[in-house]
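Protein chains: 4
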Amino acid sequence: MTHKIAILGASGYTGAELVRLIATHPSMEIVALAANSKAGMAYEDVFPHLRHLALPDLVKIEEIDFDNVDLVFCGLPHATSQSVIKALPKSVKVVDLSADFRLRDPEEYVKWYGGQHDALECQAEAVYGLTEFYRDDIKNARLVAGTGCNAATGQYALRPLIEAGVIDLDQIILDLKCAVSGAGRSLKENLLHAELSEGYHPYAIGGTHRHLGEFDQEFSAIAGRPVKVQFTPHLVPANRGILATVYVQGDAQAIYDTLQKTYADETFIQVLPFGKVPSTRHVRGSNFCHIGVSGDRIEGRAIVTAALDNLTKGSSGQALQNANLMLGEEENAGLMLAPCFP
Amino acid sequence: MTHKIAILGASGYTGAELVRLIATHPSMEIVALAANSKAGMAYEDVFPHLRHLALPDLVKIEEIDFDNVDLVFCGLPHATSQSVIKALPKSVKVVDLSADFRLRDPEEYVKWYGGQHDALECQAEAVYGLTEFYRDDIKNARLVAGTGCNAATGQYALRPLIEAGVIDLDQIILDLKCAVSGAGRSLKENLLHAELSEGYHPYAIGGTHRHLGEFDQEFSAIAGRPVKVQFTPHLVPANRGILATVYVQGDAQAIYDTLQKTYADETFIQVLPFGKVPSTRHVRGSNFCHIGVSGDRIEGRAIVTAALDNLTKGSSGQALQNANLMLGEEENAGLMLAPCFP
Amino acid sequence: MTHKIAILGASGYTGAELVRLIATHPSMEIVALAANSKAGMAYEDVFPHLRHLALPDLVKIEEIDFDNVDLVFCGLPHATSQSVIKALPKSVKVVDLSADFRLRDPEEYVKWYGGQHDALECQAEAVYGLTEFYRDDIKNARLVAGTGCNAATGQYALRPLIEAGVIDLDQIILDLKCAVSGAGRSLKENLLHAELSEGYHPYAIGGTHRHLGEFDQEFSAIAGRPVKVQFTPHLVPANRGILATVYVQGDAQAIYDTLQKTYADETFIQVLPFGKVPSTRHVRGSNFCHIGVSGDRIEGRAIVTAALDNLTKGSSGQALQNANLMLGEEENAGLMLAPCFP
Amino acid sequence: MTHKIAILGASGYTGAELVRLIATHPSMEIVALAANSKAGMAYEDVFPHLRHLALPDLVKIEEIDFDNVDLVFCGLPHATSQSVIKALPKSVKVVDLSADFRLRDPEEYVKWYGGQHDALECQAEAVYGLTEFYRDDIKNARLVAGTGCNAATGQYALRPLIEAGVIDLDQIILDLKCAVSGAGRSLKENLLHAELSEGYHPYAIGGTHRHLGEFDQEFSAIAGRPVKVQFTPHLVPANRGILATVYVQGDAQAIYDTLQKTYADETFIQVLPFGKVPSTRHVRGSNFCHIGVSGDRIEGRAIVTAALDNLTKGSSGQALQNANLMLGEEENAGLMLAPCFP
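Listed in order, the protein sequences are those of chains A, B, C and D.
According to the UniProt record's numbering, numbering within the first sequence proceeds without interruption in unit steps and concludes at 342.
According to the UniProt record's numbering, numbering within the second sequence proceeds without interruption in unit steps and concludes at 342.
According to the UniProt record's numbering, numbering within the third sequence proceeds without interruption in unit steps and concludes at 342.
According to the UniProt record's numbering, numbering within the fourth sequence proceeds without interruption in unit steps and concludes at 342.
Don't read these hints as lab results, they were simulated from the structure.
Think of the CB as a built atom: it goes at the ideal place given N, C-alpha and C, for glycine as much as any other residue.
A few of these clues could be false.
Said to hold, decoys possible - Derived DEER-like restraints, expressed as beta-carbon distance ranges: (1) 189(D) with 203(B): 45 to 51 Å; (2) 203(C) with 265(B): 28 to 34 Å; (3) 186(C) with 137(D): 50 to 56 Å; (4) 203(C) with 170(B): 26 to 32 Å; (5) 163(B) with 186(C): 21 to 27 Å.
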């Protein structure tokens, strides 16, 4: 059985990544691609790398007949996303890639994103999309909220450790190094090749990055008490990849054992041998996440490192993995592409 | 039915690319990976991006039981390749990625590669591996000689034009821009990131690049008289890609029509609308080749541009496409991965 | 004696490059920096790499007291440039970096740039700014028109050869590879790091690039008859650099001798030993241009290669070199910085 | 007066960087360039970007007449460096760029570098080369030991804070992001463009990087008690630059005030306005170090960020700054080049 798929916000990088992955999916057919600003264009004129595929032209969202759609991937900007999803027929399953339905507490939404949430009834039914930890809920969900790409990376490193109680909850520092496609197809001076290449810098320093809302929500829920991490992202001159270097206090071996046990049966989360470190280049273009654990020379300190591709495991690959679950397909369908190196 | 595959020279980039492609191939199983200098190592220690695959450890070639192998991909250096292939049992099919069996005239081999050829009897049965032009011979071949990656790119642009007689055979200039993975995993100062990135230069200037041997052989055979092209490659700071800018004299529309007609039914060779230009970024990681044709402001001049990924369509993808034909599989099996952009 | 300098269009890359070079100039003082869209900002907020310099804040052009200015560098967009320069007091010397005063024939301006020229009286007095060939005129000029960066590169390779009559004037092909800073600080999708890096492509193909107007004007004047070259630029993933690969028909040794003799006493134009090729990485950040000559395997063909930094020798370095001449300073003042490698 | 300079180990990147800087130095003349493996070569054949300079050919160290040399820059590998420097006449001043004379305690040398130190008598007279903190000793030194490039970056961020007692000495985490030229011109697979570009990873994780020896020595001396920091370097795909993100516990404003006061009169160490972050791209090719301070959302935590160019302020620029002091020249001579951006 072939599922009919629509992608809203298809002219951005996460949209293109969904099309790339679905291209070899055995049971999905893309029936609509929407991008309001580029409606009317052939998709190959927006993304020439996908010209070999038979794809519908870009349309406006209101031109789509949603009765003919089984599942929608929604890659719209936050705030826009909530009003669009609110208006969709309830018969359509939705995987949202925006930030709109990630935070369960409306006040947290206001705090991190500003402005009132306009679709709280949808928020109430939304399932947080970190597949490996919400798998059963996702299977039964109509609306899944894709996680932030940084938020996913940090959670893969930390959730099992907080759950197991093997680290000091008040001494967690996440230093993230993000590639530029995470910023989307935004026209900003600092994202130009001439400015970004050959240089790197921190941003959203001091605990101001919005993905902290997700960390706070998830980590506090697991711990059963407030947990606040320090989180500093950096922008590095590469296109795909997130590398989290997580500084924790606890026994390195216990940390390693906890992570290895947690992910032993997971296809996409791979724990490296103790002391080995991951690299973003080794997950590029794939749905895999590599995790490493090392002890520090200072007793009782450890470093957990995690690498994934922000466009794949960090957003569109995660979205497809969730869609597979929602549609009753093999969870891995369309996602076993090996990383592209060099 | 699953075909048993061995890869010799598996520690280089073309070896890793073969493993990447075969990872999602429906009917191939890798039973042996050989790399003499790294024999004994786990493959994931050489290429950590492929760690999710169940693969045999690296061995020496002489450790392989070739009775248990249906087809060998041979990615060894030239000269080494001929002596290894010569010694293989005749029951094994071979796709060679080296230069050893590309030139039919032994004197041409000596001229371009130096030293006598040591396996002329194998040379005699080898089929030149440019799939779209040698398809029937490849289906029946035991030994296929993969083409040079630059040679493939130039031939996709020029073969139909020479065949059709629509260009001046004495005024052909190929200006190629090659990415660095074409140089292999060689430890040379000029291939270091610190030296290569942020700069570019011509090399093998003046008609000294070995792939000219292939151009001479193939173009002269098509034309029925000697054809010598000018060919200047340049090394650019990117990892994957070849872009050929081919300057020809002839009618641009006739040139376009010829190319379009020739490739109308080819899956992997895509002729863009007249006047459009290809980009290496739009074929990255895939088996596609994009071709563009433009007229110049000077009457009677045209520019043909062609882009492909040197590791895929230029070598390992081509090799797999040929192997599919030799084994009676779908020609496209394992090769429909969409390009990875951004 | 210190010359008082104003830079108009100071928020672009050529503006920043002028400031970088003037930073170590012994006899220039920057008294005004103008950029209408960013007027009021501190210069270090626009270009933090220049924060160690004591510089005036950005202002609007009309805020500048030009009585207090000896020389203006004008890095505004074309068309804007002509109306601004027209309005400047005649006591101020001007080096224009735009295209507005490069073409002496008003019809050629209309043909390549569209729209009527609005300052033909200024055009009449403008001197074309290719220093090595217009040195004496530049010394006495009030208004110098900086050349196109591609136009400069091609002319360094070809002018002496056309002058000496050692090449076939009807068989000249310039294949250029340009780095991205040549496109300026423009917010375009294809200039984003995520899109540009790791890929390359031709643009303005078929004889449509505006710098052809300069080639036509200059080469025809030298030859005493119309000369039309083929010119195809390519955009490569690097920030600084232009590499011209020029295919000509003529005797390689005569070509080499001509270039070497022409540039023997030039500080910035360096002819490499015969057969050697230049690289953009070896001129990065400097005012040098490296030129190589090689013969082809085809008798009577040669390849001339030239590399320079588009922001330095291709625009701002050239502009400073011209300003030095106009102000009676040492031609090389502020320009002897060695290239920055790696 | 012109000082006669010899550079040993001139075929590496720090050697080339010294030549680049000295190129515009008003009172230094390079009289000898040594590189044993490339002795006999013209320097322009090793570093074509410096071909415009009149430089001596490369020689072996033993060919140099040190009676004719005022100061030697020694850029040899550690261990080699000590035996060479030991044998130099005492009349020659020496700036060593290796690790050999950085650690005052011979046991620490053995611990971090392995093997006995062979020139302890030279070690005894060596001054640690962090200019801003050892300026007076350097002026009178015969032998100065250049610091590690990572060690310099971390110390600029932390020394004043430890001295002032405004941070918790037991909770210091340095997360460093290093560009690839710091690894030198070494032929290693992971430094190839095809491998390094487009990916990044931690290395020497867990407190094993040798520059920790310098941190331990210096920080403990300042504090008057043992101080051990956590230090994790990462390799990012850029050529020049070190970015330190330093996580400390203390009052952010007090930290900011301390740094600003310490560096108020320093030319090269620039403290940015509170809350601003530095970027490696804004110090590229220059001797400047930019420092930023931000508070975290967690009370009592702060982040200090520091960026410099590893080849300039991190090694060769520092070396030249020290040599200027040793020779009685202006400390800034040859070092005021503005950063090269874009």
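Worksheet item: Cβ-Cβ distance between residue 163(B) and residue 186(C): within 21 to 27 Å?
Response: 43 Å, violated
Practice prompt. Starting from the hint 28 to 34 Å, judge whether the C-beta atoms of residue 203(C) and residue 265(B) obey it.
Written response: Given a distance of about 30 Å, which is inside 28 to 34 Å, the answer is holds.
Worksheet item: How does the Cβ-Cβ distance of residue 186(C) and residue 137(D) compare with 50 to 56 Å: does it lie in that range?
Response: Holds, since residue 186(C) and residue 137(D) (Cβ atoms, about 51 Å apart) stay within the stated range.
Worksheet entry | Hint check for residue 203(B) and residue 189(D) - Cβ pair distance inside 45 to 51 Å | 21 Å, violated
Worksheet item: Per the hint of 26 to 32 Å, is the separation of the Cβ atoms of residue 203(C) and residue 170(B) within bounds?
Response: Since residue 203(C) and residue 170(B) have Cβ atoms about 29 Å apart, the given range 26 to 32 Å holds.
Hints 1 and 5, counting from the list given before, are not met by this structure.
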